[in-house]
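Chains as they are written, first to last, in our numbering: chain A, 1 to 183; chain B, 1 to 564.
Hints listed in this document are in silico derivations from the structure and should not be mistaken for laboratory results.
We treat Cβ as the ideally placed atom computed from N, Cα and C, and that holds for glycine.
One thing to keep in mind: the hints can contain errors.
Each pair of labels, with its calculated beta carbon distance range [unchecked claim]:
1. Ile195/B <-> Pro40/A: 30 to 38 Å
2. Thr7/B <-> Pro40/A: 55 to 63 Å
3. Asp47/A <-> Leu206/B: 41 to 49 Å
4. Val75/A <-> Pro464/B: 36 to 44 Å
5. His53/B <-> Ser51/A: 33 to 41 Å
6. Glu411/B <-> Phe37/A: 51 to 59 Å
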Amino acid sequence: MSTLLSPKSKIWWDEPIERSELIWISIVFIWGLVMTFMMPFWHVTGDQNLSNETYKTTPEKFMASTQAMVDEYTVRQDGPRNYPVVKPPAGGDVYMVSRLWDFWPIIELERGQTYRFHLSSLDWQHGFSLQPANINIQIIPKYEHVFTLTPNSSGEFSVICNEYCGIGHHMMIGKIHVVEPGS
Amino acid sequence: MSATFRTCPDTGLKFETDAEKLMKANAVAAVVFLLIGGIYGLLVGLTRWPAVHLLEADMFYLTLTAHGINVLIFWLIFFEIALLYFCSAVLLSCRIAFPKVAWGGFGLMLVGALMNNYIVASGDASVMMTSYAPMEAHPLFYLSLILFAVGALVGCFIFFATLVIAKEEKTYEGSVSLVTFGAITAAIIAVFTIISGAIILVPTLLWSVGIVNEIDALAYRLIWWGFGHSSQQINVSAHIAVWYAIAAIVFGAKPMSEKVSRMAFFMYILFLQIASAHHLLVDPGVSSEFKMFNTSYAMYLAVMASMVHGLTVPGSIEAAQRAKGFNNGLFEWLRRAPWGNPTFSGMFISLVGFGFLGGISGVVMGVEQINVLMHNTLYVPGHFHATVVIGTTLAFMALTYWLVPVLFRRELIMKGVAAWQPYMFGIGMAGVALFLMGAGTLGVPRRHWDITFSMTGGVVHEFPAAANTLLALNGLSVLLAVLGGAAFCVIIVGSLLFGKKLGDDEKISPPIIATPPEDSAYVGIGSGSITVPGTFVLAMVFFVSFAVYYFINWKYLAETWGIG
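When you get a sec, could you build the whole thing from the sequences and use the hints?
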């Protein structure tokens, strides 16, 4: 009687379970519990737990907040696009605008300091892919996502859009500089 | 109305005329869309190969959209409808319910698929399969998907109605077979999937023609994935049913225990679809509690179900082989398996690739915190080429080799090539999965035309050099996989057109269905109380690989910036 046909015995649910199946089910069930435990465990002990803090916003409102930060904390103009380089105080708020097809402005951070990032899109959905740290966060229009980042190495980092956003998607790139503390 | 049946001389299965024609039409349509989607896939792979970089940007995004929809939706769902009809009408020796309605459903699916291909090829709908609002496609894009989905829903209800007829007319005794049970699981998940699709695509269609003002981007993602991911859960249930079917066809295998395998399918219905939320792990506005519960498939109970199938399918093969006398050592049963039979080799490569490459990567990527390392990188397509292509597509290909003589009554042509085809396709696609995952680990974005940033006016990012190597290796793997895919299409289409016609009573030699071993032959197989020691050892190898890779990724996570 093969698997293609009805079970031979009408009362198949009384048949004993193979020993190897029982052992395997036990192993897999315990493994599932371990994996389930790991997520809350990391919330308590780990340093990488993306915040869910979110506010409804509008493109105008978000742009205004970003502009205010740029006006207050710009330290110089830089890069091929001559964008403002903004250095907010440690622990301060960092706004980064994503739009077709650009991240604005350039941000400068100090290694080891924690910053409150605000992300939103002015138009379509975008992706915040911080490289080479490899941190990837979805950006949704009309939602302002607030979370903290604490750089653990210095250097030039790129923000690459990794949510497809139309024909210019591959041109969408921005920069975050991380400098040594006190420099 | 009396239905007419033919009895297959090789398998003894009964085919009702209407059911047979419907299965043929759906299976042929499936292969045609696999061919179209495969050609698009080749172009995608060649463009992402940095040294080749074949297409221009607009054509690349168009091609990627068409590739995804043709293979992920059209090929798989057409095949699954044929499979549902097979698992109901044929396996239960029953007439199919409402054949005219079933043809209507097929027509809707066909119109939807053709309309979608037209509008995507026109360039007005290069929005990817996900078509994330507020990015907007031509209204026909949404309409075509809705038509296709309604057609598929009709197919599901024909399947359910056929089950009712079989029960009423008592065409089988006791419970339906395990394979049919798996198909029922797939169909129930399909109904949930299609309803989610309607809830999101209908308002999006209305928005695209200006009747609805706004589509909330976050709500779109949440509901769309109830459709997008659940449709992959249909595939999982369906291809696992196919694994069980092939174990029975090639080895005469019987379930190790009906109870365990059916429970595992039932857990899919309870828990598998809620995992759709794992696409939202790094989205704003979604709470951690929601993410943890949903993305762990309720404490990994659906993962447990898949791991149970991963043991019981090869376990049933091992037990049948041992019952036939291949009872020596741990692996004689496996060594003596018919590795030259594409129905078996395709199924076995599908099983191993789905578990080791697709399953492990999927669970790791779906951990609430670890996802931040992979979201929207090439790791994601790496993962689902292992699940949907090695897992589902290769399993369906394997079954198709068997269906050519059984359903279409044609002899397979080019049997020598067919024997190699699953290896070409499976190894090629395993390369694609591994190399894409490797590039994703290095941060390379998915759906991206130019990772050299040549058009950004000098603002560039340099990925590690290994990324280019991995993408080139991916390109080579694509070529091998496409060779395998093309071989499949040529063999199947060629066999249907030119294969030797088999008479109604003509038997094929060697036989294409195994005689199940007697129950008495199962007594005393294996070693001690473990009847399938070889499978158990393989399962432990799987478990150790899984656990090691899982914790390695926690370590990767701990090394990046603090995220709070």
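Comparing the hints with the structure gives:
1. The hint said 30 to 38 Å for the Cβ distance between Ile195/B and Pro40/A, and at roughly 32 Å that hint holds.
2. Hint check: Thr7/B to Pro40/A, Cβ distance near 58 Å, so the stated range 55 to 63 Å holds.
3. In this structure, Asp47/A and Leu206/B meet the distance hint of 41 to 49 Å, their C-beta atoms being roughly 45 Å apart.
4. Distance hint check: the CB atoms of Val75/A and Pro464/B are about 30 Å apart, inconsistent with the given range 36 to 44 Å.
5. Look at His53/B against Ser51/A: about 39 Å separates their beta carbons, and that is inside 33 to 41 Å.
6. The given range of 51 to 59 Å is respected by Glu411/B and Phe37/A, whose C-beta atoms sit roughly 56 Å from each other.
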